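Chains as they are written, first to last, in the working numbering: chain E, 36 to 564; chain R, 4 to 513.
In case anyone wonders, no lab produced these hints; they're calculated from the structure.
Keep in mind the model is a prediction, meaning the values are calculated, not measured.
Wrong hints could be hidden among the right ones.
To give a feel for the contact side, a few chain E residues facing chain R, derived at Cβ under 10 Å [claimed, not checked]:
id : residue
1  : Gly-163
2  : Ile-185
3  : Ala-214
4  : Gln-226
Lysine to aspartate or glutamate pairs mimicking DMTMM-like chemistry, simulated, CA-CA at most 20 Å apart [said to hold, decoys possible]:
id : chain 1 : residue 1 : chain 2 : residue 2
5  : R       : Lys-510   : E       : Asp-111
6  : R       : Lys-175   : R       : Glu-44
7  : R       : Lys-113   : R       : Glu-44
8  : E       : Lys-150   : E       : Asp-111
9  : R       : Lys-510   : E       : Asp-106
10 : R       : Lys-114   : R       : Asp-346
Covered stretches of chain R (in silico footprint by chain E; criterion: 3 or more residues with CB under 8 Å from a CB of chain E, positions within the stretch not fixed) [to be verified]:
id : region
11 : 404-411
12 : 415-429
13 : 438-444
14 : 503-511
Glycine included, C-beta positions come from ideal geometry on N, C-alpha and C.
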Amino acid sequence: MVFDSTLLLLSFLIPILCGLTLLGIGNLSKPIVRLVSLTGFTVPLLIAVWLYFMFIGAPETDGYRFLTQLDTGLSDFGIHLTLGLNGISLPLFFLAGLVGLAAGIHALHSDAKRKQVYLSLLLIMQGGLMGTFASVDIFFFYFFHELALIPTFVMIGIWGGFGRRTAAIEMTIYLTLGALISLLGLILLYQSSGQTSFDLITIREYIASQPLSETLSKSIFGLLLFGFGILVSLFPFHSWAPRGYAAAPTAAAMLHAGVLKKFGLYGLIQIAYPLLPMGATHWGPLLLWLALGNVVVIGLITMAQRDLKQMVGYSSVMHMGYCFLGLVTFDAIGVGGAVILMFGHGLSVALLFLLSTAVFHRTQTYDMKEMGGLVSRAPILGAMFVAATFASIGLPGFANFWGEFAIFVSLWNYQPWVLVPAAAGIVISAIYGLRAVAWIFFGKPSEALEEHWKENAVVDLSQGERLSASLLFAGLLFVGFFPRIFSDYINMDLSPFKSDNAAMARSVDPAIEPHGFIVAEYQKEEGSQ
Amino acid sequence: MNLSAFRDIASTNNWGLLLPEIYLVALALVLLVFEMLFRREDLALIIRLAIWGQVLLLGLMVLSYFEGFPSKTGVAFAGTLRQGPVEEIMRLFFVVGSILTSYLATIYLKKNDLPRTEFLAITLIITVGMMVLVQSNQFVVFFVALETVTIGFYVLVAYCRKSPFSLEAGLKYLVLGALSSAILLFGIVLLYGAGGNPELPGRVADPMNFDALAGFIAANQSNPLVLAGVIMVLSGVAFKVGAVPFQIWIPDVYHGAPTPVAAFLAVSSKAAGIFVLLTLVTGPFASLDSVLVPLLSTIAVLTILFGNLTALPQRNVKRLMGLSGIAHAGYLLVGIVAAMTVDWAVYAVIFYLVTYLLASYGVFGVMTRLSGDEDADQELDHYEDLGQRQPFLAGVLTIGLGSLAGIPPLGGFIGKLLIFLAAFQAGLYTLLAVSVVGVVLSIYYYFGWIREAVFRVWRCPTGESASGSKDAAPIEVTPMDSVTLGGLSALSVGIGFFPTLAELLMKLPG
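The shape of chain R in the complex, shown without the other chains:
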């Protein structure tokens, strides 16, 4: 048995680098223990612990940056993990996403009277999976992290056991997710097998490692096994992102999944997929750009068009968010294609993800607040006259949707602008034209939603509100909602007026 590999790993084990992940896992375990020890009436404590524990982590991480933000990219654990400024930002991103998901979950779970601790613990574990995923520099770590995320989502999507929609969504996600994992694994194995083949030029000792693989792929650009492997790996990741032709699960799963889970899928899971795609095509697969640029460009075009066109006639807002999310994946893919030639496009993509997070969680927050007894049943009509009934939520919704549509002066506009700039610099004129068409199409459904919420001040001839008895009930907004959702909206606006974040990102060494 070759023990040198283990020795190697042991000597580069720097557990300090993974402290945030360890903290989160510990937090998840503590939650489960508390669940056993405490009575059901004390559950509020567990929820507080989960959320404030994560906020504490966020604070500690930010505090640690006062000593200096990580500026160099380095590897640890014998080259299986890679850490640098970009990865650090993504870790922060996932922690923020996790906090917001947990927050939405408490609203949702209270409404539906579902067990809370498990949900929160799984959310934490998924977050850890994503954080490791973006740092992975080796296919085994990559796959294990990805599966941690996926399996966690299998549970969360089907979390509402009493809802047939949720169960159906869970089953669909399970079947298609397993399929994509299989494709991904197959691709990894093909690359591994080809990379270890002694007869091929540039054979490497560790074909699982991204850096080693990069050299091997560069030496065997036209090898069919390599090409098949690369495309299968990318397909597996494209499934997480929801890029055409692996988008078909999205509307059903978003429709059925609890709203906080849909938000988690839409933002964090998509961001993880996009980031992994970015690392792959700019890292190990970079030498195949002659194949990948046309391939990814085609996928981006199809994704943008599919997402926007199918979202046009949607009346169910959860499906609408899912399908428009596909379109956002398309714009991000444009950024990824640009990143293959323009270095700073990586930061444009990350900036876009940040604005997407701020806007999406605002919208999903409003959706969570407004959802009725059946979570899957959220139609545009339910938003009628929201501006009168609950002006605060209507404002949050308007800012969130406006930012998603990319309307200045909101953050989403700056995000799109940076992606467009990168695409211009990379000379991707066709993609730009398609993106513009997509953005214009998206105005129709995003503003259609705003129209229902804000413009429609419908009065029945009898003088009563048309929204019926169910919706006429007052919508409660807790002070915490005001802080969280108001804060998200304020950030969306603020980042549009002062996109200092973009400048900070650009200053990071690549």
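The shape of chain E in the complex, shown without the other chains:
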């Protein structure tokens, strides 16, 4: 038991220490850099896998497993380094490990200058990500998020592409604003819960015994919603995302869009919704419209993109809208779907960023209209890209499908008309996704490209690219075919979304829930027909 909790601690300490080693000791030889960084990237995933299998057998305390508490010097304010996992954080913890390793492998094989510093920043980011999803203390939850965010800025600023300096500063200011607003919300929550602890469990117990007043609940929720919303690129606070991702180096974009961005949604699901249901119902209608803005408005903007990386960036903003729609329903199915979609989207968007860079290396342009005919020269890349596009559209067989499906079911119960724009969004994403595939891989290459290819032979995916793409792909497929490996665990911790809301919205039969919500919704579908 102690062993597993220690693993949780090591899951972020090892990457951070590896990162500091690379940062502190200059000019190590190549094999050593490789060894140290691979250790830092692999260990978190191994720990995540191990903890996944230990999860169900581990004793549960207050809804968390592997719970452990350490003092870092702020215990007078009730701040402890409290680590633990529950059913909602488990998939995201796993996601962080998986995408981290994929990004790490990609970075190792990349041709970045000053690679050692690059890898060390990526390792620190990886450590921060693991810490974020392992923290039960909301102070450290925030702290680790920032720890992961700062290297992102630096990486964009130094190793980014076109317009990197502007993008880095814009992203820094925007995200700091979001982070500070959410920090205010978190402090206000701590403040109004008797000022004894930043520990989520303690706060939850306190609020359960003494509910917050309605105004307080509304204002805290508002702060958290907009603070986290900025971090998740909620419409209309999204403008940093496409520009930032377009400029970011691939590994940083993979980790940020894939994992770090989910922090805000995760915070809403773990903190804001369960603790502040009154605030949630108050802000729900507005959030619904903003989320639809993400889906429809950003969807249309995505369609207009010709730049591949911008398109992927916008599409990631758009899919966040579905996660928000899942939250708006305030229902176990919708929220569970949002968590699955976060997992699936994290993998698919990371895969798309990776493949876009691979495409760029072979065509020397991001302008999709300049490309064409790549599939005959790089068939594996083409197949991977098509599959990744399918995954991001949400076709069955990929993890995203289950998420979007559950969200749609839940929306039908919530307000049926919302399904119309939401489904239109799927059509939109199919249009831009498939059109991109057509532009890049089929048809005739432009003359410039022909010239380029005459001089430089096109090679298919290199070993590094293939390895990291396969990792992500495996995750997508695995959860796509066996969603229960996560859905059962997620379902265990969705109780706040089942109890008080069920009465308000619909009659959800609690008897069928133990099978997991995916099964439950099938049965409900059949029943309603």
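Dock chain R against the given chain E, drawing on the hints supplied.
Relative to chain E, chain R alone:
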């Protein structure tokens, strides 16, 4: 003549309490004597003596705490000095500040070939002034200590005689400093006169004494003379802090003053002012909170906004540090307003000051190293490509600026967090909102600076570095620099990960 007062003072004279101050004054005098005795070639010895002498003092002070950190607040010298745990921390703070200033000064003075002994001696005397200032419990001691500090700074600001910027800064500081001293003195006299007025209720025999004055002010809260006196005293102190509307001297003076002096002004002088303000509003003026809370809140809001907004377009880094320092004074003022209702906010302010010291001296250290022939001429452009030319200094600069901006996991973040927590507890929501706006604004200029230093890997079309011939010269970093600046950065990071200091502070009895 009333001799009983003298007898009183003599009986409570406990000179042992002032040993660190006496040591520093003696050190300053010894330096001056050595200057006369030694030849110019032996100057290095004097510098070593000054710095290691102070380090020794620091060591001795820390050593004495093994017998137990002072836990009780008591008065000595017939109630003119007050000593307790908080004052003790501030004394340590000033000694550390003095060591770092002396260290930066040796780099600066060597570069500019200016006399060194006088600079170091004045630094020591100013430090003693600040140490007495934070312990003062009576307006005469208070004023004399404050003037010692101010007059010392008049000299230091204008120290670089050959630079017109330095002279101009010195003159500006002299005129405005004298004005503020006059306002302060006027305020003290008004309080003294009102406090001794036999017709007013609660008249006290010794209206200069803070404790006696507290009772008198509580009894005469709406007396116009008292109010005018209080506001004038606070204005005089606000000048040292650089709070709006007494901030106008800051950019010019920081710009012209030698970089180590700017650092000294930014950290130690500001800390002294903030601490004095804290003692005043929680001590003698505490009963006027209905007036002071709105007044100081307004000042805090204006200070934060002024500092951040004016720093946005700055290209000169010395002015940038000055103006952003105004913003930091604003955040500290938020802590002071919170301290009027929340007891532990005092420690939040002190913790913030400590993180500010660590971060600022790191940044000023890099500035001192990089400054060219004309010290006032330090533009953002000079930092271009620092990450390539001198990665160590770029790292120190990044950590220092990140901490000043309040980015986790650096110390500055914890400092801001504690101030925010205190403000939340005191219910100062408007101030919090303004602080957040300020922090976000500050990201722009702090990261703009980091961008110049780290992100800009500019290559001219011809393939040469764009930074020109002057900057292309290698920047030397001595082992001592690595230890000092690296240590400051390490502390900034360490205090962010393990803010044990905050816990230690909280455990102190108030």
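Tested hints:
1. Gly-163: For Gly-163(E), the interface hint holds, since the closest Cβ of chain R sits about 9 Å away, which is under 10 Å.
2. Ile-185: holds (6 Å)
3. Ala-214: Given a least distance of 9 Å, the restraint on Ala-214(E) holds.
4. Gln-226: holds (5 Å)
5. Lys-510(R) <-> Asp-111(E): holds (9 Å)
6. Lys-175(R) <-> Glu-44(R): violated (35 Å)
7. Lys-113(R) <-> Glu-44(R): holds (13 Å)
8. Lys-150(E) <-> Asp-111(E): With Cα atoms ~41 Å apart, Lys-150(E) and Asp-111(E) exceed 20 Å; violated.
9. Lys-510(R) <-> Asp-106(E): holds (15 Å)
10. Lys-114(R) <-> Asp-346(R): violated (46 Å)
11. 404-411: holds (count 3)
12. 415-429: holds (count 8)
13. 438-444: Per the Cβ count (3), the hint holds.
14. 503-511: holds (count 6)
Violated hints, listed in ascending order, are 6, 8, 10; each of the other numbered hints is respected by the structure.
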